[in-house]
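**Q** Please model the complete structure; the sequences and the hints are all you need to start from.
So the sequence lines, in the order shown, correspond to chains A and B. When you line the first sequence up against the numbering used here, it's residues 1 to 314, in that order. When you line the second sequence up against the numbering used here, it's residues 1 to 314, in that order.
These are computed hints drawn from the structure, not numbers from a lab.
Lysine to any residue pairs mimicking SDA-like chemistry, simulated, CA-CA at most 20 angstroms apart:
no.	chain 1	residue 1	chain 2	residue 2
1	B	103	B	54
2	B	310	A	216
3	A	71	B	182
4	B	71	A	181
5	B	142	B	96
Label pairs and their computed distance ranges (CB to CB):
no.	chain 1	residue 1	chain 2	residue 2	range
6	B	183	A	26	21 to 27 angstroms
7	A	114	B	306	52 to 58 angstroms
8	B	232	A	139	42 to 48 angstroms
9	A	176	B	101	37 to 43 angstroms
10	A	121	B	182	34 to 40 angstroms
Covered by chain B, according to a simulated footprint, are these stretches of chain A (three or more residues, beta-carbon under 8 angstroms):
no.	stretch
11	18 to 28
12	61 to 69
13	153 to 163
14	207 to 217
15	279 to 291
Fair warning: this is a prediction, and the values are worked out from it, not measured in the lab. Even glycine gets a Cβ: it sits at the ideal position worked out from N, Cα and C.
Given next are the chains, with one letter for each unit.
2 protein chains.
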Amino acid sequence: MNYWWVNHKQTYKHEVLGGYIWSPKTKANGQANESYLTLTRVQPGDVVISYADGQIKALGVATGAFREEGKPESFGAAGDVWATAGWLVPVEWELLRQPLRPKDHLAEIAPLLPTKHSPIRKETGDGNQGCYLAAISSELGKLLQRLIAPSDSAALEVLARQTTQASEDAQEAAIVASGGNPTEVEQLVRARRGQGRFRINVLAVEKRCRLTGVELEPFLVASHIKPWAASSDAERLDGSNGLMLAPHVDLLFDHGWISFADDGSVLVANSEAAAMLAIWALPGDSFVPIPFTMKQQGYLAFHREHVFRKGFVL
Amino acid sequence: MNYWWVNHKQTYKHEVLGGYIWSPKTKANGQANESYLTLTRVQPGDVVISYADGQIKALGVATGAFREEGKPESFGAAGDVWATAGWLVPVEWELLRQPLRPKDHLAEIAPLLPTKHSPIRKETGDGNQGCYLAAISSELGKLLQRLIAPSDSAALEVLARQTTQASEDAQEAAIVASGGNPTEVEQLVRARRGQGRFRINVLAVEKRCRLTGVELEPFLVASHIKPWAASSDAERLDGSNGLMLAPHVDLLFDHGWISFADDGSVLVANSEAAAMLAIWALPGDSFVPIPFTMKQQGYLAFHREHVFRKGFVL
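**A** Next comes the structure, spelled out in structure tokens:
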């Protein structure tokens, strides 16, 4: 996953409301421009940081690769300086509740800025006029997220979910394009939604929701312990790699707000997760921890280490 | 949506465990066979009734159209009589907890059997040797479901969910193939998952889960009131056509186990739905009915009439 920084200037609203970033292919005089070419390197699942008027006001996730697209009509006069032929990358934007002003944190940010094609100036923190889109390091991307976290961690949570989704979409497309056995391809794709052979396999191992005790199948979700995206094809269909959970328990488990110890007791990530459990009256009165099998414990170890957000500040 | 009846004979296990129906293209002597040609007419979302050994033991939903596929190797000697070149339709099977014996209900079934190419004999109720796959009327399809309901209504519920899913898949594929404006296409597809522009539009109208009071966005699902599949493109993105709900409330609402009156009070479909609300402690202690806007009321009227399962026997 890569991080990109876009300097929107006058087209900020159009691009964020429209759900994309767009650049002409060349300068108006026909010359190539590094920062325009950069747009063609963005991949689905990459994070895009939106900067305009001296502020980072939105974060986004690319939901597709670039495609050829003429200059958006909505730009109007603001786009007069640009050539008409261009490229567009679709982006799912999340507006920040409170913008971040990079100038206020220049001491931390400056050392991580790229030496060539930097989106803002190391010395002043002002936007770099010639730069529309720049690749930034994951260190800088993560620093910016840490700076945003105290005022809007919910946006980061949405961003994380969209990144996962985009990466799963890309993996699913790769499976479909693989030309493999059609039945196998179909079952792998259905497993992502907790359906088909995976669901049948899980039901053979787990019959009810561990937190609410529900055993009526129509009210249960087949949830991967080791996430679908991180699993091998065999693991994606393995019944021991799944739990039958009520939908709200599935969300808490899938996003790492809760996990399980090998003896079946519930682990809670932080105080917000504890508050959600309380609001949703979880675990239910009938809850009794039930130890996991050895095979389940293998997958659970992965969940505790890579999915569970122990101490995460929401 | 169409109903089909398949006589599996020796290949029952292979086809049900494999997740498909398969037939040769022609008889071994090269002659056409009406019941083989029938397989090419099955559409995604159609219901397939599986009959073997005098019993209906599984119901399925076609998840794709037919494709060319050689005779499955797993048939072994049982398939020796058939030509190798064939067609396959992928089917998501649901095994019944208790098989249904059509012979036991022949008085009701016989009048609804097709006059030509009937899968079982009107007079005796025995399987018709020459018939692999037969089209049956929706009256017969629904009668068979009514006969199955008392012993296994959960399977019917899963079937209904899979039918919806397959129909949505087909509509999504049609949108993608439409060649429309890529941004619009993407937003329509994302709306199905409660994401993108639809989610943003809903959040402008509804800020919290009406039943649990949760307002932390990462724990909420943007749920269509009038289902995505039944909505026009404009309705699919309309914020007034959505509610922000906790995931378990979303499942209950989406599948019609609960609905809302215009004044915001909760309607409960049946005793099973009431039991689920009790198990999940819904509505939460903080629940207060909040009247819907006029636009929301329009969508809710559709939900109460076409989605809400008032009196449905699970």
